[in-house]
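Each chain, letter by letter, is given below.
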Amino acid sequence: MSSNVWRDTWLMTRRNVKTTLRNPFSFIPNLMISAFFLLVYEGGLSGISQLPTFEGANYLAFILPVSIVSAAIGGAGGAGQSIVKDIENGFFSRLLLTPASRLSIVLGPIIAGMLQLFVQTLLIIGIAFLLGLEVQTGMGGVLFVLLIAIGWGLAFAGYSAGVALRTGNAQAAQAGTFIFFPLIFLSTTFVPYELIDAQWLKIAAVINPTTYIFESMRTVLIDGWVFWDMMQGVIAITIVSTLTITFAAVSAKRAVSRG
Amino acid sequence: MNGKIVVDHLSKTFKKGGVQAVKDVSFKVEEGEFFAFLGPNGAGKSTIVQILTTLMNATSGTAFVAGFDVIKEPEKVRRHIGAALQETGVDPDLTGREMLELQAWIFGFGKREGRLRAEELLDIVQLTEAAERRIGRYSGGMRRRLDLALTLVHEPAVLFLDEPTTGLDPSNRMAVWEELRRLNKDKGTTIFLTTQYLEEADNLADRISIINDGEIVASGTPKELKARIGSDLIALTPVDGGDEDRTLHLLKSGLMDADVIRKQEKILIYVEEGTRQLLEVARILDRENIEVEDIQLSSPTLDDIFLKITGEGKRSYEQ
Numbered sequence: 001m002s003s004n005v006w007r008d009t010w011l012m013t014r015r016n017v018k019t020t021l022r023n024p025f026s027f028i029p030n031l032m033i034s035a036f037f038l039l040v041y042e043g044g045l046s047g048i049s050q051l052p053t054f055e056g057a058n059y060l061a062f063i064l065p066v067s068i069v070s071a072a073i074g075g076a077g078g079a080g081q082s083i084v085k086d087i088e089n090g091f092f093s094r095l096l097l098t099p100a101s102r103l104s105i106v107l108g109p110i111i112a113g114m115l116q117l118f119v120q121t122l123l124i125i126g127i128a129f130l131l132g133l134e135v136q137t138g139m140g141g142v143l144f145v146l147l148i149a150i151g152w153g154l155a156f157a158g159y160s161a162g163v164a165l166r167t168g169n170a171q172a173a174q175a176g177t178f179i180f181f182p183l184i185f186l187s188t189t190f191v192p193y194e195l196i197d198a199q200w201l202k203i204a205a206v207i208n209p210t211t212y213i214f215e216s217m218r219t220v221l222i223d224g225w226v227f228w229d230m231m232q233g234v235i236a237i238t239i240v241s242t243l244t245i246t247f248a249a250v251s252a253k254r255a256v257s258r259g
Numbered sequence: 001m002n003g004k005i006v007v008d009h010l011s012k013t014f015k016k017g018g019v020q021a022v023k024d025v026s027f028k029v030e031e032g033e034f035f036a037f038l039g040p041n042g043a044g045k046s047t048i049v050q051i052l053t054t055l056m057n058a059t060s061g062t063a064f065v066a067g068f069d070v071i072k073e074p075e076k077v078r079r080h081i082g083a084a085l086q087e088t089g090v091d092p093d094l095t096g097r098e099m100l101e102l103q104a105w106i107f108g109f110g111k112r113e114g115r116l117r118a119e120e121l122l123d124i125v126q127l128t129e130a131a132e133r134r135i136g137r138y139s140g141g142m143r144r145r146l147d148l149a150l151t152l153v154h155e156p157a158v159l160f161l162d163e164p165t166t167g168l169d170p171s172n173r174m175a176v177w178e179e180l181r182r183l184n185k186d187k188g189t190t191i192f193l194t195t196q197y198l199e200e201a202d203n204l205a206d207r208i209s210i211i212n213d214g215e216i217v218a219s220g221t222p223k224e225l226k227a228r229i230g231s232d233l234i235a236l237t238p239v240d241g242g243d244e245d246r247t248l249h250l251l252k253s254g255l256m257d258a259d260v261i262r263k264q265e266k267i268l269i270y271v272e273e274g275t276r277q278l279l280e281v282a283r284i285l286d287r288e289n290i291e292v293e294d295i296q297l298s299s300p301t302l303d304d305i306f307l308k309i310t311g312e313g314k315r316s317y318e319q
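So the protein sequences, as listed, match chains A and B.
The opening residue of the first sequence carries number 1 in the numbering used here; numbering runs sequentially from there.
The opening residue of the second sequence carries number 1 in the numbering used here; numbering runs sequentially from there.
Check before you lean on any hint, since a few could be wrong.
In silico contact screen, one side only, chain B against chain A (beta carbon under 10 Å); selected entries [stated by the list, open to error]: (1) T88; (2) E98; (3) L150; (4) D240.
It should be emphasised that the hints constitute simulated quantities derived from the structure, not laboratory data.
We put the beta carbon where it would ideally sit given N, CA and C, even for glycine.
Same shape as in the complex, but just chain B (with noise of 0.2 Å):
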């Protein structure tokens, strides 16, 4: 079983509008490998996952999964990849297992391998109790995870999770989540995860590639992203009305070894000795008389990360 995600200057312009929605993306996922995709809306995730799970053809570039060119042998690839996209795909009038049941049928199972199929993994997503039940009766988050059952129903080599959790509660969450690590350390699978939540892709990934308007700005292990950006974090409101290109300008030339960038309302102070340079902070707006509403000192999260490496004037994280 080749798990292997190999992606190679990928672009895709949508004929309509001529919207670039990715550009010239590279990056490779090994076999086994939990890899996330963190980004935006819009920032091109979506357009990705179609493309490598053949539901969309690329407008230039290649991409083979699990062993497979995505544009010459789309039905090889379907064979052995398993997707769930932002919106579940289930039919509302089927039950639980009538929708398992079909979903190995069409992969090849024979009737009986079929229903055994469902059984197991009614039992794995633990909806083994609604399984008589029509689909259009469950919850958001039991629908969640029938969609993730459906796409394991031929023990793919390759999934892909677009988004897998968004609209789900906390415990719901971590019950998707538990799934995953599961899949990805028992069974070996290969798993391409997309999502905004910096804190799903921290928790999950071995590796995360941070894309910004269709392009990879930044890859690497949470561990070393958050090494490229130093220890500490210090935010800090301005009042309103006051004059934030001076303070951005005054802290940008009075801070040393210091990234200060503005984020909406906030100015962004990354340094190494947080506690040093918050006192040396607090020093220059009260040498130059500036109020500011609130400052706050923190340890880097990947939303920090994000926020830098995105950036000023690039899309921002919260839009």
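The shape of chain A in the complex, shown without the other chains (with noise of 0.2 Å):
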């Protein structure tokens, strides 16, 4: 990349920060909502954990992965929003008619949605920390937790971006979120997938990326450093982020491609 690719996606980047910590009701929510995920789901289902299955896991270390990744996707669906929004009140248009990096104009919301879920993700474990939240790697596993939660909402923010970009309209973009729901809940999310009961669940769950994201970091939440089990989340991100930031670009190419 030219220094000109560099300093344009400094500035697109740090003016989508701006403008997003200019707007608090557009990550406190998701915040909250990821908070309330931790507090209710440790309140009312831990005692589940004393199942043989759980082997006297910890339900907080084992929950804690719903709600980071709740933080994670719903922070990276902020640079879908913030696209949407620039298309829609001209902004994108009069970015285009300066000599700024076509890249840098797309990369700028993403890596802005990135620092969000970034910082949003640290909340969420500082909460699970303050509730007694025991790590079985230490820090390193804090560390391995976050990376993998910035992996994913990279993929999710590939997908954002590219719905924005490809449809420039703030109803369909906020429609393409729905996909938030089947990914969190069609899963591993409150049991082990030996306790699921529903045939149809289990299946979901084997075909939801999410299920590999959550069991990666439970492995190193709970049971240590068993490389095979994190690996499977690494794969899990390598795989959807090659295809939605694939579906990004195409969809930018198209967004900025003088018709």
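Given two chains presented individually in distinct reference frames, assemble the corresponding complex, making use of the accompanying hints.
Below you can see the structure in the form of structure tokens.
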């Protein structure tokens, strides 16, 4: 990348961070929901960790990835919302009229979304520590969880930016975020795979890449450094990110192309 | 600084729907000229602006702006032009000052230079007092002035303005006009303006091209264009239920050296000597017992030229 691309990306990211901070209601609800998940599920469901399948694991550590992934998806979704807002108010066209690198125009909101989800994830982990979280792998494990959250957020940011660039419409981009629900809940959200009763939910959990994200995080939080279990999340992120970032890149090319 | 625009056999057909928005258009704008494209909605004005500002590719033909090919050298073109599109392109969450500084930095100004340039432009468009306010709280006129300031950050050789005063109240419109005149006269900026307002083109432009249905149908100075249609216009409105075809036919055959056309509910008569011909029109109407609701004599405006040129059967200005 040329120095102009770096400089332009820095300018675009800074501007997106600034406008996000000026609209606290664009991230506070998502943060509240994620914290709510953590408090309510821990408070209401922690008893099931007495079941033998849990092998004595702390339910807080088991449910924390759900809260983190929820925050990550919500934060990354901000990238798409930001692009849609720019398209609708004409700012996107204004940027296209400048010599700013086309890549930076799309990267700016995505990087800002990543920063947002990084901060949100840190806050959720902080709340979990206040509630008594113990991490089997220590701070190294927390760092790994953060990286997985960012990776999964990037995959979702690619999706949300792609939908935004393709539709240029707030309602359509909003509708696109409904994928959040199947991603979060059709998985090993509340109990391990072995305890899921319905066959259809078992199939959905196997297909759903979020399952591997959960497993990867839970491995370092509960079990320790188990390489293969950790890698499942990394592989899921690599595959899904490749698909969604390609989708975003193709959509971006179309959005900035000159017809 | 080369402020020329050279357009040669430019056409644009949209893939979607196959609509040909621009049909073999050629024109030239000289350096430092104030040029206006006048036409109704859907005439192709904005499509041409989008092609010349590198936002859209043409289907065929060539266009050079500030000495650069808009198709092959879009980055170079972008460095030498400023453009204000129909919709103001501003971020409502930034302040006016932040928006101008961002624009300056994108155009390669240093941090301090960008700040100074923003300050200077805020003063020029009289937004210094509102500089720290978020743009979302600006009025339509303030946004438009800020949008204009954004196009001037890098002192472009060519300025494209796509209907810059649409939706503005008269006082804001006059303020924008004043600024455009100053830019053109004092800085020598070439200005390419599109407008639906004939008064705007008449007031500002050195030269005007009238575009209708994707084609240039007339070009010239405002004076030349007015001269093309004779000196006076008689407009009459027949009563409801009258035989308009017969009236039109009688006037066409009864008046020498007059151009008679129908425009919606009116019949327009372009003549050399309005007062004398008005009597003749009255005589014909009286002799044939044709009643009219209203009859008026006026000197032609660009509006009349526009109506005459786009004429019967073509897209109307009002539509």
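Outcome of the hint check:
no. : hint : verdict
1   : T88  : 6 Å, holds
2   : E98  : 8 Å, holds
3   : L150 : 7 Å, holds
4   : D240 : 44 Å, violated
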